[in-house]
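Participant: So the chains spell out like this:
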Amino acid sequence: MKRPTLGDIRACLEGAIPAVLATCAADGVPNVAYISQVFYVDEQHVALSFQFFNKTRQNILANPRATALLLHPVTAEFFRLHIRYLRTETQGPLFEGMKAQLAGIASHSGMEGVFRLLGSDIYQVEQIEAVPGEPLPAPPARAARLGALRRCSERLARCTSVEEALNGVMATLTQDLDVRHAMVLMLDEAAQRLYTVASCGYPTSGVGSELRVGEGVIGVAARERTPVRIGHVTNAALYNQAMRSSFEQDVPDLQPVTEIPYPGLAEPHSQLAVPVLAAGRLLGVLFVESPHDLQFGFEDEDALVAIAGHLGAVIDLVQARPEAPEGPEAAAPTHSSGSGAALQLRHFAANDSVFINETYLIKGVAGAILWKLVRDYVQQGRTEFSNRELRLDPSLGLPDISDNLEARLLLLQRRLQEQSPHLRIEKTGRGRFRLVVDRPLQLLEG
Amino acid sequence: MPAPVRLPDDLLALMRRGVSVIAGSRDAAMRPSIMRAVGSDMSADGRSVTLYLVRAQSRQLLQDIAATGHVAVVFSEPATHRTVQLKGSRATSRQAGPQDQAVLARYLASMEQEIARVGYPPEMTRAMLAHRLEDVVAVTFEPDEAYDQTPGPRAGTSLGGRP
Chain A
1 MKRPTLGDIR ACLEGAIPAV LATCAADGVP NVAYISQVFY VDEQHVALSF QFFNKTRQNI
61 LANPRATALL LHPVTAEFFR LHIRYLRTET QGPLFEGMKA QLAGIASHSG MEGVFRLLGS
121 DIYQVEQIEA VPGEPLPAPP ARAARLGALR RCSERLARCT SVEEALNGVM ATLTQDLDVR
181 HAMVLMLDEA AQRLYTVASC GYPTSGVGSE LRVGEGVIGV AARERTPVRI GHVTNAALYN
241 QAMRSSFEQD VPDLQPVTEI PYPGLAEPHS QLAVPVLAAG RLLGVLFVES PHDLQFGFED
301 EDALVAIAGH LGAVIDLVQA RPEAPEGPEA AAPTHSSGSG AALQLRHFAA NDSVFINETY
361 LIKGVAGAIL WKLVRDYVQQ GRTEFSNREL RLDPSLGLPD ISDNLEARLL LLQRRLQEQS
421 PHLRIEKTGR GRFRLVVDRP LQLLEG
Chain B
1001 MPAPVRLPDD LLALMRRGVS VIAGSRDAAM RPSIMRAVGS DMSADGRSVT LYLVRAQSRQ
1061 LLQDIAATGH VAVVFSEPAT HRTVQLKGSR ATSRQAGPQD QAVLARYLAS MEQEIARVGY
1121 PPEMTRAMLA HRLEDVVAVT FEPDEAYDQT PGPRAGTSLG GRP
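In order, the protein sequence lines correspond to chains A and B.
According to my numbering, the first sequence is numbered sequentially starting from 1.
According to my numbering, the second sequence is numbered sequentially starting from 1001.
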């Protein structure tokens, strides 16, 4: 019989059934202990949760050889991993990924407050042994994720804008992967916050809502640039995105009035957050959740990582492409001025927040962009704009090309769609857009 | 002389009832071996423990026990994580026979309930503990060490025997 690979037995590494570890002390006395978590690192390595300073700990430091007994959660087939202790990690992506999963395991097994990850003990897998037995039939393979990935890849390959790419990813999640609740958040690097640009499955879109990097499942995935998956969401405040109190009081520009509510589920049971990276840079986070336990397995994580990688590449590519040449300005319906009651736009320079008719719309870079657009419109009658001029405008404080300008414009566009139907942004070409104004504008500072 | 192992009554009751049993040993090169038992039994005075292993699943473990006499056995109640580890250094093995059948059947019945409490159907338990009597080996030992291994602040507390 072919020896199983670690990939073949990943279902045993989901934490559903605790593993058991045999070690041996220097004096030759064996020891057996339950291990909450045997975590898949790669095809040659696993990481075991180090939670207590116990005999197992003493033994592996003295004698690195260990044997783990795993049970398949569906077939009841046993596997033995013959492993050798290498080192312990107490921070970083692997540690954080395990810590989040362990929080879920602890919650699931009524061990909250008892299970705490002190370290990730990394072991080399020397041999995997399938133990003979009378296993139950293997579960049928779930709906082909490879086909879903193919369709996602095709959708993304056709995209020419960040908006289309996000729509393509949402379509894949909901139509092909049976995900009901998802969102994409982009990184504001300077502020170390993540802002929602797309979502589906929630009563309100939450576009524009913000989280801090490091906060909750999403923030940890961003900070550590690693997938974070919990199959049984704990009430531990650390991971509960929705339970968070409002932003810190000591940050003056974050008044409650400028806070768009986080759209996520109030009582999620399963969550999976995957960083969106491109060229080694963090762009944002792709996040899915469910009101049911154990909704996302390692195969879902694999699929989301593949989707996030493609999304990151597309976002980077469409933003780096040269802008379309200047179109004939005359074609634009300049300064339509609009009719009806004036829209009153109020700008607060302290945080670039903009209110329309005293209702909060947006702040930060997207707020500064809107303020520039409406000023140019009112003062010069301009309605046609290019991404390039925004990048070059020192008053906007765009850090550099890596600032995800397209995503900020999309955020602005969507906020306007939701909050102010008489003021719109329409794309007119690659790197070009138009401000459409249906009402007279009245601009006020402060 | 080390203090004799004195297991609390509630732990003894749990072990007599039949909960998860995992056994380990090691070879001359200190490589650990491990397998789940398909049954367990306690002597009337509580001093001697017998566990049942399927030979084909436990070749290395049985070889190590025969060669070294060392055995470490964990009893754990799945629903509560109540756990105790016993260690022996003079374990002996014998082929299981018809006299063991009732013990094995009682153990399976108990485990079906224990595992059902954590959400798995009886088929799962029966597959996990599947065996034919002629393939089963009974390993008996008198524990000379015992430790409370329930996760939490008291984990690792000695329950008697050598430190």
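No lab work stands behind these hints, which were simulated from the structure alone.
Predicted model, so just to flag it, every value in this text is computed and none were measured.
Please note that the accuracy of each hint is not assured.
[As the list claims (entries may be wrong)] Ranges of calculated distance between the beta carbons of each label pair, as one might list FRET restraints:
#, chain 1, residue 1, chain 2, residue 2, range
1, A, Ser395, B, Pro1153, 23 to 31 Å
2, A, Pro140, B, Val1118, 21 to 29 Å
3, B, Arg1132, A, Thr5, 43 to 51 Å
4, A, Gln127, B, Pro1098, 49 to 57 Å
5, A, Gln127, B, Thr1092, 23 to 31 Å
6, B, Gly1097, A, Phe298, 38 to 46 Å
Virtual Cβ for every residue (Gly too), placed ideally from N, Cα, C.
Participant: Quick check: does the Cβ-Cβ distance between Gln127/A and Thr1092/B fall within 23 to 31 Å?
Facilitator: Between Gln127/A and Thr1092/B, where Cβ atoms are some 29 Å apart, the hint holds.
Participant: Between Pro140/A and Val1118/B, does the beta-carbon spacing fit 21 to 29 Å?
Facilitator: Given about 24 Å between the Cβ atoms, the range holds.
Participant: Are Gly1097/B and Phe298/A spaced within 38 to 46 Å by their CB atoms?
Facilitator: Hint holds: Cβ distance 44 Å, inside 38 to 46 Å.
Participant: Could you say whether the range 43 to 51 Å given as a hint is met by the Cβ separation of Arg1132/B and Thr5/A?
Facilitator: Since the Cβ atoms of Arg1132/B and Thr5/A sit about 30 Å apart, the hinted range of 43 to 51 Å is violated.
Participant: So does Ser395/A sit 23 to 31 Å from Pro1153/B, Cβ to Cβ?
Facilitator: 59 Å, violated
Participant: If I claimed the Cβ atoms of Gln127/A and Pro1098/B lie 49 to 57 Å apart, would that claim hold in this structure?
Facilitator: Violated - the Cβ-Cβ distance for Gln127/A and Pro1098/B, about 37 Å, lies outside 49 to 57 Å.
Violated hints, listed in ascending order, are 1, 3 and 4; each of the other numbered hints is respected by the structure.
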